[in-house]
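My request is simple: use the sequences and hints to build the entire structure.
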Amino acid sequence: MTRCFWCNDDPLYIDYHDTEWGVPLRDAGALFELLLLEGFQAGLSWITVLRKRERYREVLFGFDPKRLAVMSDEEIEQRMQDPGIIRNLAKLRAARQNAQAWLRQEDPVALLWSFVGGVPKINHFNGRGEVPAITPEAEAMSKSLKKAGFTFVGPTICYAFMQASGMVMDHTTDCYRYRELVG
Numbered sequence: 001m002t003r004c005f006w007c008n009d010d011p012l013y014i015d016y017h018d019t020e021w022g023v024p025l026r027d028a029g030a031l032f033e034l035l036l037l038e039g040f041q042a043g044l045s046w047i048t049v050l051r052k053r054e055r056y057r058e059v060l061f062g063f064d065p066k067r068l069a070v071m072s073d074e075e076i077e078q079r080m081q082d083p084g085i086i087r088n089l090a091k092l093r094a095a096r097q098n099a100q101a102w103l104r105q106e107d108p109v110a111l112l113w114s115f116v117g118g119v120p121k122i123n124h125f126n127g128r129g130e131v132p133a134i135t136p137e138a139e140a141m142s143k144s145l146k147k148a149g150f151t152f153v154g155p156t157i158c159y160a161f162m163q164a165s166g167m168v169m170d171h172t173t174d175c176y177r178y179r180e181l182v183g
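First residue of the sequence shown? That's 1 in this note's numbering, and the numbers climb one at a time after it.
One thing to keep in mind: the hints can contain errors.
Unchecked claim - Taking lysine-lysine and the DSSO-like style, the derived pairs with C-alpha atoms no more than 30 Å apart in a straight line are: (1) LYS52 <-> LYS66; (2) LYS52 <-> LYS143; (3) LYS91 <-> LYS52; (4) LYS91 <-> LYS66; (5) LYS52 <-> LYS146; (6) LYS91 <-> LYS146; (7) LYS66 <-> LYS146.
Unchecked claim - Distance windows between CB atoms, simulated: (8) GLY183 <-> GLY149: 35 to 43 Å; (9) GLU130 <-> ASP73: 39 to 47 Å; (10) THR151 <-> HIS124: 27 to 35 Å; (11) ARG93 <-> ALA28: 21 to 29 Å; (12) LEU44 <-> ARG104: 42 to 50 Å; (13) GLY29 <-> GLY117: 19 to 27 Å; (14) ARG104 <-> ASP27: 14 to 22 Å.
By construction, these hints were calculated from the structure, which means they are not laboratory data.
We put the beta carbon where it would ideally sit given N, CA and C, even for glycine.
Put into structure tokens, the structure is as follows:
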């Protein structure tokens, strides 16, 4: 079974690729979690974040934006001692800031999906060399989110978020999931 070039033989990665990545996601809680996780991934590999995702769910209140928005500096410092997560003070503070920004949005799901016109953008890339790291849509999302008070939402992070959440379908044409998702 052929999978996308980035999917290695780690069972966690395979499951993520086969069941989550590129599947259109419209659940507000799941989108918020994914946006924060993409920020935690900045500068690291996605498998690192996947391996820590369950612990993040535990220590970040199930990614509840209302609870994260009022997380105290002391609570952030406590999380900095947890080896089960990526201990980066700026990223933990960004989780709180992004929760606050999320809660200010009238409809954050509609906002995020607006950058692809509300429907998944289906790409037909044949291989690694064709898949971009940044697109105009990701640049627009990044600019809009930063203006709304979000952080750790640069255009590369935004494009990875768009791919993961199925806003863009970037399974390559040789990947078995491409055929399943395109129909």
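* Contradicted hints - numbers only -> 12
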